[in-house]
Amino acid sequence: MGAIISALQQSDKTYIYVYQSVIRYIIPILAGLLLYRCIRPLVTFRREPEIWAWICLGNGKKLPVTHWESVIGRSKRSDIVIGIPTISRNHAVLTRYDDGSWTIADAGSKSGTRVNGKKISICPLEENDVIAIGGVEMTLQPISRRQEVRLSQLRTKASSPFRSVVNLSLLTVLQFLFCFSYLLVENVEDARLIFTGFLGITIFQWGMLTFYLIVKKPSFEVETLAFFLCTLGMVVISAVKPTEAVKQLAAISLGLGLFVGLGFVLRDLEHAKRVRYAAAIIGVVLLLITLVFGKEYHGAKNWLIIGSFSIQPSELSKVCFVFVGAATLDRLVNRRNLILFIVYTGVICVCLALMNDFGTALIFFVAFLLIAYLRSGSIGTIALACSAVGFAGILAVKIAPHALRRFESWRHIWEDPLNTGFQQTRALMCVAAGGFFGLGAGNGWMRRVFAADSDMVFASLSEEHGLLLSLMAVVCILALGLFVLRSAAIGRSSFYTIGACTAAGIYLVQAILNTLGTVDLLPLTGVTFPFLSNGGSSMICAWGLLAFIKAADTRQDASFSVRQSKYGRDQDE
Amino acid sequence: MNRIMRRSRILLILILVMALGISVFSVEYYIKAKDWIMFPGSPHLYNSGNLGCGIVTDRDGILLMDMRDQRTYAENEMLRQSTVHWLGDRNGKVSAPALSNYAMQIAGFKVVNGVYTYGGTAGKAQISLSAKAQIAAFEAMAGQKGTVAVFNYKTGELICAVTTPTFDPNLPPDAAQEEVSGADGFYLNRFTQSVYIPGSIFKIATTAAALEAIPDALELRFQCEGTMEFGVDTVTCTGTHGDISLKEAFAYSCNCAYAQLSLKLGAETLDRYIRQFGIVDSIRFDGIETVSGNVQILNQAPVQVAWSGIGQHKDQVNPCAFMTFVGAIANGGIVTNPYLVSEITVGNSVTYQSENQTSKRIMSTKTATALQEFMRNNVQTVYSDEYFPGLTVCAKSGTAEVGAGLLPNGTFAGFSSDPDFPLAFIIFVENSGSGSSICLPILSKVLAACKEAI
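As you go down the protein sequences, you meet chains A and B in turn.
For the first sequence, the working numbering gives the first residue as 5, with consecutive numbering after it.
For the second sequence, the working numbering gives the first residue as 148, with consecutive numbering after it.
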């Protein structure tokens with residue numbers, strides 16, 4: 005290996021120059037093609053209405069049930085609207101389960117919900133059970149197994165195995181081109197690590213796809229985007245800190261583990277709901293441990309050192325927070341849960357305030373707002389706004405000096421280019437130096453800037469490989485956001501929809517703070533870019549969040565974390 | 148679920164913020180990338196405060212400096228010493244504004260391509276100085292302090308410009324040396340950043356003013372008795388010249404005659420012409436800005452006006468500005484600004500090309516022609532053509548009293564009127580004593596080298 009690298013580097017410089025001058029154009033073209041192929045199906049898939057059951061009213065009228073979780077009520081915004089004054093605005097919640105069984109739960113209605121004449125709060129439904137709400141009698145008639153099979157077949161096919169293999173091959177070519185360009189310029193020791201790093205990602209991605217193909221879930225676009233970002237992250241590490249290539253690879257493997265593990269947990273909604281409590285406790289405990297045993301680096305006490313490992317538990321808390329925030333529809337109508345959630349958020353924010361971790365606090369804050377809005381809508385907005393202000397207040401009081409200092413230099417970096425504006429002025433100078441296509445591997449200067457591989461990753465990537473590629477990284481995150489937005493419409497449970505929206509929200513906030521902070525459109529907060537920034541905890545968290553996005557992807561054969569209709573598959577075969 | 152679906156659209160806010168932010172940045176990049184890359188300290192262009200990319204050659208392509216990595220200067224030590232004030236040093240103690248001014252062109256910056264060049268090919272800046280003339284001038288100065296410069300008054304090319312004391316950028320002065328001889332100013336570019344008392348070379352300007360303002364100036368006669376009394380003050384002359392014409396007074400540098408001429412012109416007229424000639428102005432070229440000179444003629448006692456016309460009193464001129472003025476006389480009254488950077492190429496593309504720097508007329512052709520003849524007469528009758536084989540030199544010497552018990556500064560300014568060798572020059576040698584005897588041998592060598600260079 006070493007001999008090969010040495011031989012490569014000793015070859016005529018002309019070869020290296022020609023290689024660099026050619027790949028600077030090939031890389032953005034290939035990357036653009038890859039993104040186009042991955043993103044188009046994610047943002048253009050058809051969203052067919054599905055009918056899972058019928059509500060039969062006494063007068064012979066039939067109302068379709070189009071979701072697994074449906075609110076029955078008088079309000080026009082209910083899923084099943086029955087416009088009779090005796091029915092509450094949100095009267096009851098109808099829920100379908102994996103095995104095809106149904107329940108009905110009262111949603112705190114005035115007149116209550118009765119099944120077969122008995123007043124209930126929650127009750128499993130059998131066929132021909134008579135439901136009475138507000139004096140209106142009805143029965144639930146689930147679709148037949150045959151119909152279910154048809155429905156399953158009609159769903160948009162997410163992707164073909166062939167398409168996924170082609171996409172991943174494109175990514176592999178990119179990885180080869182990147183890796184080779186660094187092998188030509190770095191010293192033998194570093195080159196070995198870089199090679200391992202790239203090879204590792206390639207092996208992981210093909211291993212993952214093989215697993216997907218075995219379980220017959222060939223949709224790999226979301227994962228391909230994540231691996232694309234990981235690859236760009238490895239590129240920046242090769243340029244900035246080659247010695248950490250293998251460490252980052254290990255983080256990716258842990259992240260993949262978490263992704264698959266969470267995917268299986270989320271597969272079963274009942275299971276996921278149980279894990280929620282554990283996640284809540286783990287989330288807070290992680291922060292408390294950090295608060296007690298944490299090490300302070302650069303102003304924030306958010307590092308935990310165990311032996312030779314250092315982790316940032318607040319990153320992992322994010323995954324737990326999404327778990328805690330997500331909830332099924334029948335619970336959403338219960339105000340008590342939201343109050344608990346606000347209290348929980350309060351505890352977390354106090355921990356973060358004590359740690360002086362401004363960036364993470366901001367991410368939690370936005371995640372909190374997102375969840376709070378998704379869960380309450382306009383109704384609870386006032387209460388939530390109050391707690392939001394309280395949250396912000398604690399932030400402001402506790403970390404004001406820290407935060408204010410960042411604000412001082414914001415939009416004034418050129419006035420103090422050697423001190424407070426150093427990182428960002430260098431970043432902009434280097435972005436400009438790289439132009440659209442970059443200066444080529446090993447020709448960057450950003451490696452001398454603090455946090456060039458994490459906070460400043462946008463600039464580091466831009467300098468050596470061009471602004472176009474950096475913008476593509478941003479496009480990946482935008483595409484994930486749009487995909488979640490679209491898949492929310494076909495979400496089966498609000499648990500998944502809230503989870504996916506929060507996860508995408510966290511990605512977006514991180515990308516916004518990271519990118520716009522680097523280029524001085526926002527104050528620099530030291531937040532990582534998902535998948536791209538060097539940092540083990542951040543990488544693991546990013547993969548963990550991806551599991552939530554995957555769980556909300558109900559396209560046919562799209563996701564191993566979404567269970568396909570049991571019967572559908574059985575009878576197909 | 149309908150509600151949750153609707154509410155999930157809140158995600159659009161974040162998506163829009165991200166998209167908007169990145170669009171704003173893209174526009175900002177397009178507009179400002181040039182400023183970012185040019186900002187002093189920009190790592191791909193600068194190195195320790197001075198430019199750190201590209202190479203610089205003299206007019207014949209001789210390498211003066213390779214700015215990449217830790218900077219490589221010319222092989223020849225004298226060439227290094229004589230050019231360091233134009234190229235800058237490694238530590239940023241001597242800045243090189245002319246090169247920084249073209250940082251973007253040397254780096255070959257383009258919005259789309261950044262500063263990428265195939266295989267890191269360096270940009271090449273060719274400056275108009277001649278390495279041979281620089282070495283000749285440095286040798287001829289022989290350790291004396293001062294500055295000597297020659298430029299082409301037709302095109303503006305600066306062919307030679309040496310300032311001393313200087314230092315070898317490969318062996319920069321240490322703190323102790325700075326302490327001891329810091330006052331000598333070896334970091335100072337005397338040609339652009341110093342002002343000198345001009346002494347008698349200022350009589351060129353006074354004569355020009357007289358020729359412009361007094362219709363029969365050529366007919367004027369002056370009486371010189373060696374001294375001229377102004378109450379308690381006296382203007383002393385170099386000799387007793389008796390009854391002389393303006394041309395003779397100019398040739399003998401007669402102080403009494405110039406005292407009379409200054410008073411005849413009057414303070415206001417003299418002041419107006421000095422300013423019109425741009426002698427005390429700051430000259431700007433290639434990002435260099437010379438220090439402005441100074442005269443104090445208005446509201447002064449007659450003896451002070453008289454001394455001002457002689458080139459003493461509060462008169463201070465910048466060598467570069469005065470050379471430009473002398474060049475304008477040679478050029479028939481039209482100023483040609485000097486320039487240093489001739490051409491910049493990156494790979495095969497030319498990113499900068501100098502232009503002829505001719506600007507405005509400051510005196511009539513008639514005045515210029517008369518002055519040319521006066522200055523030619525000086526060389527023929529006083530200084531001798533021997534020093535300038537093959538050239539038709541017109542000049543005026545000066546010996547500027549600097550006071551404080553120091554020897555006067557020797558100065559010499561003039562030009563060659565040969566159409567093939569349109570060279571204007573200036574020299575100041577500090578505390579050298581008499582002007583012409585010190586300056587002539589130096590100039591002889593410098594002009595010979597410049598003649599060969601063009």
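Check each hint, because a few of them may be wrong.
20 Å max Cα-Cα, derived SDA-like pairs, lysine to any residue [said to hold, decoys possible]:
id, chain 1, residue 1, chain 2, residue 2
1, B, 257, A, 25
2, B, 301, B, 484
3, B, 181, A, 80
4, A, 80, B, 494
5, A, 17, B, 257
6, B, 279, B, 216
7, B, 179, A, 17
8, A, 17, B, 216
9, A, 17, B, 266
10, A, 17, B, 156
11, B, 240, B, 179
12, B, 179, A, 25
13, B, 179, A, 426
14, B, 240, A, 422
Residues of chain A placed beyond 12 Å of chain B at every Cβ, according to the derived structure [stated by the list, open to error]:
id, residue
15, 8
16, 115
17, 118
18, 151
19, 155
20, 170
21, 206
22, 250
23, 289
24, 448
25, 450
26, 491
27, 508
In short, the hints are calculated from the structure, not lab data.
A virtual CB, placed ideally from N, CA and C, is assigned to each residue, including glycine.
Outcome of the hint check:
no. : hint           : in the structure
1   : 257/B to 25/A  : holds, 16 Å
2   : 301/B to 484/B : holds, 9 Å
3   : 181/B to 80/A  : violated, 56 Å
4   : 80/A to 494/B  : violated, 70 Å
5   : 17/A to 257/B  : violated, 25 Å
6   : 279/B to 216/B : violated, 27 Å
7   : 179/B to 17/A  : violated, 34 Å
8   : 17/A to 216/B  : holds, 18 Å
9   : 17/A to 266/B  : holds, 8 Å
10  : 17/A to 156/B  : violated, 53 Å
11  : 240/B to 179/B : violated, 29 Å
12  : 179/B to 25/A  : violated, 25 Å
13  : 179/B to 426/A : holds, 17 Å
14  : 240/B to 422/A : holds, 18 Å
15  : 8              : holds, 23 Å
16  : 115            : holds, 22 Å
17  : 118            : holds, 24 Å
18  : 151            : holds, 20 Å
19  : 155            : holds, 17 Å
20  : 170            : holds, 28 Å
21  : 206            : holds, 28 Å
22  : 250            : holds, 28 Å
23  : 289            : holds, 29 Å
24  : 448            : violated, 9 Å
25  : 450            : violated, 8 Å
26  : 491            : violated, 9 Å
27  : 508            : violated, 6 Å
Going through the hint list in order, the structure does not satisfy hints 3, 4, 5, 6, 7, 10, 11, 12, 24, 25, 26, 27.
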